[in-house]
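Q: Assembling the complex is the task here: the two chains are given apart, and the hints tell you how they should meet.
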Amino acid sequence: MTYSMHSLLQFFARPVILFYLFPWLMCILVLGTISQRYIGLYESERLFFSSTIIWAGPLPLPGMVPVLALLGLSLTAKLILKSPWNKQKVGTIVTHMGALLLLVGGLLTAITAEEGVIVFAPQEAVSVVSDYHQRELAVFKNDSLLLSLPHDAIQKGQPIHHVELPFSVQVANVCRNCEVVLQSDSSKTYRGLAEKMMIKPAPLRKENEENLFGAVLEISGSDPQQDGRYIAFEPMPRQPSITVGEDRYAFVARKVQRPLPFTVRLESFQKFAYPGSSMAREYESIVSIIDGDVTWQSPIRMNEPLRYKGYTLYQSSFIDVGGQQLSVLAVVRNAGRVFPYISSIVMCVGLLIHLWTRRRRRVAE
Amino acid sequence: MMYLFRHPYTGMTVVLLILCALLFSFGAQAATLDSAAFKRIPIVHDGRVKPLDTFARAYLYRLSGGQSLDGQTASEWLAESLFRPDLAIKQPLIRLPNKRIASALELEFEKNKRYSYQQVATAFDTKRSEVIALIQKGEENLNRFEKEFLDFYGVINDYSQITRAMTLVLPNAQSLPDAEAKRLEIDPTLRSYADYLTVKDRIVIEAQKVVKKYGSKIESYSQSEQHIAMLAFYLANIEATGKQNTLFRVIPPEQAGSDGWQAPWALAQDKSASPKRLESLIDWQQLATAYYAGDAALWQQTATAINQQSIQADNISAMRLHLEVWYHQLNPTLWIMIGYGLAFILLLISSIDSVSSRQSDAMKKAAALIAYGAMLLHVVMIITRIIILERPPVGTLYESVLFVALIAALLAWRLDKHSQANEGKMIACLLGGFLIGISGLFADQGDTLGVLVAVLNTNFWLATHVVCITIGYGCALVAGSLAHLYLLGTSDNLGKKLQTAALIALLFTAVGTILGGIWADQSWGRFWGWDPKENGALAIVIWLIWLLHGRITGHLKTIGFAAGLAVTNIIVALSWFGVNLLNVGLHSYGFTNSAAYGLAAFCSIELIVIIALSITAKRRLQYAQ
Numbered sequence: 070m071t072y073s074m075h076s077l078l079q080f081f082a083r084p085v086i087l088f089y090l091f092p093w094l095m096c097i098l099v100l101g102t103i104s105q106r107y108i109g110l111y112e113s114e115r116l117f118f119s120s121t122i123i124w125a126g127p128l129p130l131p132g133m134v135p136v137l138a139l140l141g142l143s144l145t146a147k148l149i150l151k152s153p154w155n156k157q158k159v160g161t162i163v164t165h166m167g168a169l170l171l172l173v174g175g176l177l178t179a180i181t182a183e184e185g186v187i188v189f190a191p192q193e194a195v196s197v198v199s200d201y202h203q204r205e206l207a208v209f210k211n212d213s214l215l216l217s218l219p220h221d222a223i224q225k226g227q228p229i230h231h232v233e234l235p236f237s238v239q240v241a242n243v244c245r246n247c248e249v250v251l252q253s254d255s256s257k258t259y260r261g262l263a264e265k266m267m268i269k270p271a272p273l274r275k276e277n278e279e280n281l282f283g284a285v286l287e288i289s290g291s292d293p294q295q296d297g298r299y300i301a302f303e304p305m306p307r308q309p310s311i312t313v314g315e316d317r318y319a320f321v322a323r324k325v326q327r328p329l330p331f332t333v334r335l336e337s338f339q340k341f342a343y344p345g346s347s348m349a350r351e352y353e354s355i356v357s358i359i360d361g362d363v364t365w366q367s368p369i370r371m372n373e374p375l376r377y378k379g380y381t382l383y384q385s386s387f388i389d390v391g392g393q394q395l396s397v398l399a400v401v402r403n404a405g406r407v408f409p410y411i412s413s414i415v416m417c418v419g420l421l422i423h424l425w426t427r428r429r430r431r432v433a434e
Numbered sequence: 209m210m211y212l213f214r215h216p217y218t219g220m221t222v223v224l225l226i227l228c229a230l231l232f233s234f235g236a237q238a239a240t241l242d243s244a245a246f247k248r249i250p251i252v253h254d255g256r257v258k259p260l261d262t263f264a265r266a267y268l269y270r271l272s273g274g275q276s277l278d279g280q281t282a283s284e285w286l287a288e289s290l291f292r293p294d295l296a297i298k299q300p301l302i303r304l305p306n307k308r309i310a311s312a313l314e315l316e317f318e319k320n321k322r323y324s325y326q327q328v329a330t331a332f333d334t335k336r337s338e339v340i341a342l343i344q345k346g347e348e349n350l351n352r353f354e355k356e357f358l359d360f361y362g363v364i365n366d367y368s369q370i371t372r373a374m375t376l377v378l379p380n381a382q383s384l385p386d387a388e389a390k391r392l393e394i395d396p397t398l399r400s401y402a403d404y405l406t407v408k409d410r411i412v413i414e415a416q417k418v419v420k421k422y423g424s425k426i427e428s429y430s431q432s433e434q435h436i437a438m439l440a441f442y443l444a445n446i447e448a449t450g451k452q453n454t455l456f457r458v459i460p461p462e463q464a465g466s467d468g469w470q471a472p473w474a475l476a477q478d479k480s481a482s483p484k485r486l487e488s489l490i491d492w493q494q495l496a497t498a499y500y501a502g503d504a505a506l507w508q509q510t511a512t513a514i515n516q517q518s519i520q521a522d523n524i525s526a527m528r529l530h531l532e533v534w535y536h537q538l539n540p541t542l543w544i545m546i547g548y549g550l551a552f553i554l555l556l557i558s559s560i561d562s563v564s565s566r567q568s569d570a571m572k573k574a575a576a577l578i579a580y581g582a583m584l585l586h587v588v589m590i591i592t593r594i595i596i597l598e599r600p601p602v603g604t605l606y607e608s609v610l611f612v613a614l615i616a617a618l619l620a621w622r623l624d625k626h627s628q629a630n631e632g633k634m635i636a637c638l639l640g641g642f643l644i645g646i647s648g649l650f651a652d653q654g655d656t657l658g659v660l661v662a663v664l665n666t667n668f669w670l671a672t673h674v675v676c677i678t679i680g681y682g683c684a685l686v687a688g689s690l691a692h693l694y695l696l697g698t699s700d701n702l703g704k705k706l707q708t709a710a711l712i713a714l715l716f717t718a719v720g721t722i723l724g725g726i727w728a729d730q731s732w733g734r735f736w737g738w739d740p741k742e743n744g745a746l747a748i749v750i751w752l753i754w755l756l757h758g759r760i761t762g763h764l765k766t767i768g769f770a771a772g773l774a775v776t777n778i779i780v781a782l783s784w785f786g787v788n789l790l791n792v793g794l795h796s797y798g799f800t801n802s803a804a805y806g807l808a809a810f811c812s813i814e815l816i817v818i819i820a821l822s823i824t825a826k827r828r829l830q831y832a833q
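Residue numbers (my numbering), protein chains in the order written: chain A, 70 to 434; chain B, 209 to 833.
Next comes chain B alone, as it looks inside the complex (with noise of 0.2 Å):
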């Protein structure tokens, strides 16, 4: 969040107007560019390198709230914002967040209604003043809306960091005539402002005699030396425009390792900077000629030569690359999703009385299909993740959902081994497919493969503390589900059952707050610290030992028992996901935000439901005597 602790950026309405002034003799560009190659082009952003296509979805996701935009994919309107900034920004692209920032910046708000940058960046420029007194501010002292407000102008900021990322490169509309090139030694050729970097201080001084010799006014300047003078004027005016661009890093550094990456802009104000580096813009260049002239076969070439150029400087893993845009094409949690609510769908068709059994068979059948599919499809995602990131999959609240998922799914489907009933099934199903849909909510940075701050950033705690007690969330969640189905009444056989489920998530919970506790004694010097996360953990695991415990001394009937397990399901959620909100202790590293209402509503309803299940659950048992 270092941008915020910089002034806005004053000129952006003048930036605005020399983007639209910049006039192109090339022709639109074809809008179909294949995209591949340019994908995988390496960019370091969020402390990690990935590829343009993770960049590109981030950025169009916290903008647009999508993927794609009017057809484009992600990383064709990076491209065009890129290349073509003159109409990126007239798009219609930002939907703004909430009413309440939509009146802040005096604009209306309709739910699916999108504004162009232009829009957007002119609304703010008429509150810089309120901007900058918020980033004085400080952060700590930011109420909820301020952060939401200053949260959308640092994404509209990096938008206008983007836009402006290339304008070092595009061709421009100035130039000298021969006589004067010849003149100045300079090469009429000279296109971009990045070609004119060598020759721009020869250009500026001509132009500084002409303004000394007549003053600003331009009629009494001879034709040449308006020329000039624009021409100086035009390349000041890029000039403007890469101030503090430092956000689209794409090119590499000197050394393989060392912490380089740098924007175009950046590496062209570098006093530092090697000829050699310098040239990795010739390349770009290149790239903006071809994207003008549509011309798909240097396209092709040109990103091409710029991705292996990347990989082989720093050492990336170009299969990893390949990875990622593959696993964000997949977008495997709407599949799996899907899969699991089809195979649960069926399941509960399958077993309602007036289903012949030869169709409920068949159902079953498709059913087990389905969610063999949607499981296998978990544990790949969840192993390319693992690949991709090159550490245990639980290192954020958005992952540690999509493990559980998994561990739910799977162990709630082995339930069913020695019997014929289906309600093992259906519960992985059920589990499996609401887990993986409410993960959406917990990944509103865009980008889902993160890096993890420091304490996090050891592999072995991860595969051990966090691995077992997100098993112990899941087991937890199974038993829980399950209580429902006894109390539900839908079969007989659960009641030995329970017990032993239960007993399941009590170890993975203990031992996995116990490991937790010991991390914490490793990492900062105490086993227990009374933090919320820590809390929520010891809760689940204390309910658990009263449920049993109940049971034993006779305290708690079948029923009981059951109403209790089931009520386990609120206390993991709680745990889980409501101490994040308290933002206290160590453990706020899982931000959520309208994930407060949903948890509400939530615990609410299954309140009321396990109480009306306990309650014909017991009419029921007492009729049976």
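So that you can see chain A by itself, here it is in the shape it has in the complex (with noise of 0.2 Å):
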């Protein structure tokens, strides 16, 4: 190790970078509980339990990232250099190291996790997992997926292009909330469910799953029946599509969905009350997981879930829709998993050992 990276491995192991690092940490963890009765769960894990930089007005600040990085680099620190192992410093050490564990851990689950739903009734199967929160603009060439656009990526006025599309696509509009107005422009040409409505930005709710993606798509070139201007919105059960020749171009907005690589089947689903009332008690899913020629069946239950290749499935919730129930499956998955287990373990461990060492260390005084 050379010298100045020594150096600046001894700056980073000093406790004082802990004693001003953590009331930060306090402020972001209070402001950002209580904006989130404002601004909702999801808003405030990004402006502030995700964040690189915390905007105080003109002033930046830094963010939880680099808060919980710094963190890391200074336990790292501190148990390279100035942890040796003796009897008094064991149960410390094994303390810090649970903790380095844990923010590991959570840089894996950060960059790896991939979190989703599954929403079915008996007897349906499915393959893909909804992601809660993406949004995205498919574009599909007869059932096939062309591009996969993320709506955060998507700006009003930009093209859309790929080799395999025939005709020029542009986006008129795009509004990650979008509430629906009557067509009242007669300028243009408007197709669909276009002709009748409109959509334009909306403010966001504070449920993020509530926010109702759409774009407006300019569509010239494929010929005068189909050209014109189409609506691509989240809850629309069609959406617009365009036939060139014997292939047929969709426009989906969704929900970002990632294939499994095996299908999940409800065989039934139960909800059980406490007696007399409605609120449940329990709530239960029979599945049968069809993975190439192999099927078995497995039930899910609340605090009781499903793991298989790396995909674990729980029993979220339900819906009741026009009297029948669709059970919700939250399907996770995450390469970092295992770490909170482990961290918890070895910081428990720590903690009595360091408290063993100190009642010793007092009894001998």
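It should be emphasised that the hints constitute simulated quantities derived from the structure, not laboratory data. Note that beta-carbon positions come from the ideal geometry of N, C-alpha and C, so glycine has one too. A hint or two may mislead.
[To be verified] Have a look at the derived ranges for each label pair, beta carbon to beta carbon: (1) B:L577 - A:E353: 47 to 57 Å; (2) A:A404 - B:K479: 53 to 63 Å; (3) B:I823 - A:T181: 44 to 54 Å; (4) A:R431 - B:A464: 20 to 30 Å; (5) A:P127 - B:G806: 51 to 61 Å.
A: Written out as structure tokens, the structure is:
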């Protein structure tokens, strides 16, 4: 290790860093928590807890990410340089290692975790997972996916190019949350839904799941019967499609869908209520996993998830739609899943050792 | 809250008139019918089987703010509401929740004024359209006042169901003269609506014949025709009171374990009910008869019979029903609070200089005895709750307060083990008494023995994460209180104890927080979601870590460390209760209302006290140097 690297590590290993870092961490915690009441969990997470910079007006302040990174760096430096393995220090060293493990796990989770949801009725089989939050504009050619544009990458006025698209597409308007208004513009040609209605940007809902993503697309160069403006709008069951020759091109505004390496079919869903009330005591789905030639059944209950091929399926909730109950499963894939378990055991052991050695030291005095 | 989505009962006024018009040929009931067996009759309500006593207390509390009414116990009041609704609806009972609701109903608001059901129901009747509008608005769109208003309406509606629950078995004044009864082949001794169940169609047909012949001019009817018409009219009115009357589910199901508990009216109107089940209505009718006659022996015998049949029908534990009645009768929180309070006062007085050492010793001994009694009762209370609810004792916010109080009291008491000092004992009594005292703020639904939402319905995680984190809260509060004492300067030995206390608190809160994360991972698929309650727990952990590191680096000297540790009390209070006020996220199951002002007051006062104590402690240190 070079001298400058060593002295740099020495700097980061000093406990004074933590002394000034933690109060700021508390501030972020408090501000972020209070903000949830007003802007909802998703936005507060985006602005505070997953932030790189927090803007206090014109002033940039370090967000959660640099704070945690600094914390991790400090812990690592301390463990390398200032952790002599003697009887007195064993407890604290082990605790600090546990804390570092937790941070590493957190990093892995932040980078690799995929969370999504499956909503289905009995006898329905699904092999994709819908993301909770990420929306996309998906472009299909004959039911196979050509393009997937994440909603936050789409801008008003931008063209959509693909070598297999035989016509021009331009984004005339896009909104993360749209509201529907009556079509009042007669200067342009509108097709499909856009003949009667138009979407325009609306303020974001507190619950991000309630935001309705939409885009207005200007199609030109296909044929005079199909050129014009179309709306691709999340809640609409029928989304714009253009037919050129024998090929059908569809534009779908939806939550991002990720394929699963297996198929899940809901065999049955049951809700157990407390006697004489509608309050749910327990919910349970019986699903079949179909993976190639192999099919097997498994229950998924609240607090009892199903794990398979790196995916974990949880009974999240259910929806009552017109008398039928749809089961809602949360599907998570996370490489950092096991870290909190290990780190909590390590930290607990470390703290216990520390308390024990302190006690013995005091008794000896 | 399903009742909120039905239309408000439209014939409330008519029903009241009917109830008043019920002429009873029996005299007034005896005031002292033994309620022991009656109390234990099981009823299904709010998702679980509970004794009538709990049901009665919960509603009496929600309506009148107390657990007894003008000398009547809750069960006696319930019995009167069931069997003499004509009297019950006129009794001053209902305390209006606040001024705003009172003015919305155009009723005068006085702090302790109690209105009768009749008055309040009439007031609501005039506001029928407003109520309907609120119900149609949808629960998410209501503001706080509107929610309170609808809640209040809901309670009044529930009470109206209670007063009408037994109308089908109450004796009526109308009957058929013998001749007519013989002609229609009806038993002339039939008295209640339930008696007429099987034959009422015949009467209705006869009455319709009469009306067809003579129209609705009663003067043109013959005597017997008048009787029939009146009886039919009477039966129809009683039937109207039974509409949507499903609250009082005391009739057990056909098969044990099924979800078939029904209210008497629901049973009577259930076309698929077996004759065997309909027989249980006879028992309740007998109970009503006993009530009117003031026949204590019959009352006792019938109540016991109903009790036994219900217990057998659904495999209920009679022991748990007994236990629950006993638990409420004992009212443990009151005695525990008194015990801790008394012990604290005695300890306080004993530490005054002007008290002689003999007196001081005597007081300390007495305080210890009383405190042990309080702690024992406290443990018994929690164990009783575990037995009744069959789950770990920390499922609701109210329960967490009871549990943390116990942990804090036990832990603080033990602090004095190796010294002659009193600090630990005083902290134990202060924390224990204070927390039990404020627990009532979280019991606004009347019945504190509630069932849990599905995600909490897991004994393993309740027993590990929730117990661990509440122990952590308890330890943190003890550490914080110790820090207050240190700043007060009562003893010098506290310095080392503070760090140990902080470390133990850190151990439990950190492990508890992580266990919470693991539970979330098992349940919802993510270890950490930046939920307010999660953030609150993390805040306590971060704070304690920061304090301990500040001590190590020397940035925090003893007074700074003590002041910071004292502030932990505020952070625990905000994390424990404050986050529920945000009403956000997965953790909003601990609903609190007026506790908001209490919390703000506590935090402000604490902050001022800590600052003041720190300044005086610093001065003391300077003088000593």
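Q: Does each hint hold? Answer for all of them.
A: Each hint tested on the structure:
| no. | hint | in the structure |
| --- | --- | --- |
| 1 | B:L577 - A:E353: 47 to 57 Å | holds (52 Å) |
| 2 | A:A404 - B:K479: 53 to 63 Å | holds (59 Å) |
| 3 | B:I823 - A:T181: 44 to 54 Å | holds (52 Å) |
| 4 | A:R431 - B:A464: 20 to 30 Å | violated (59 Å) |
| 5 | A:P127 - B:G806: 51 to 61 Å | violated (39 Å) |
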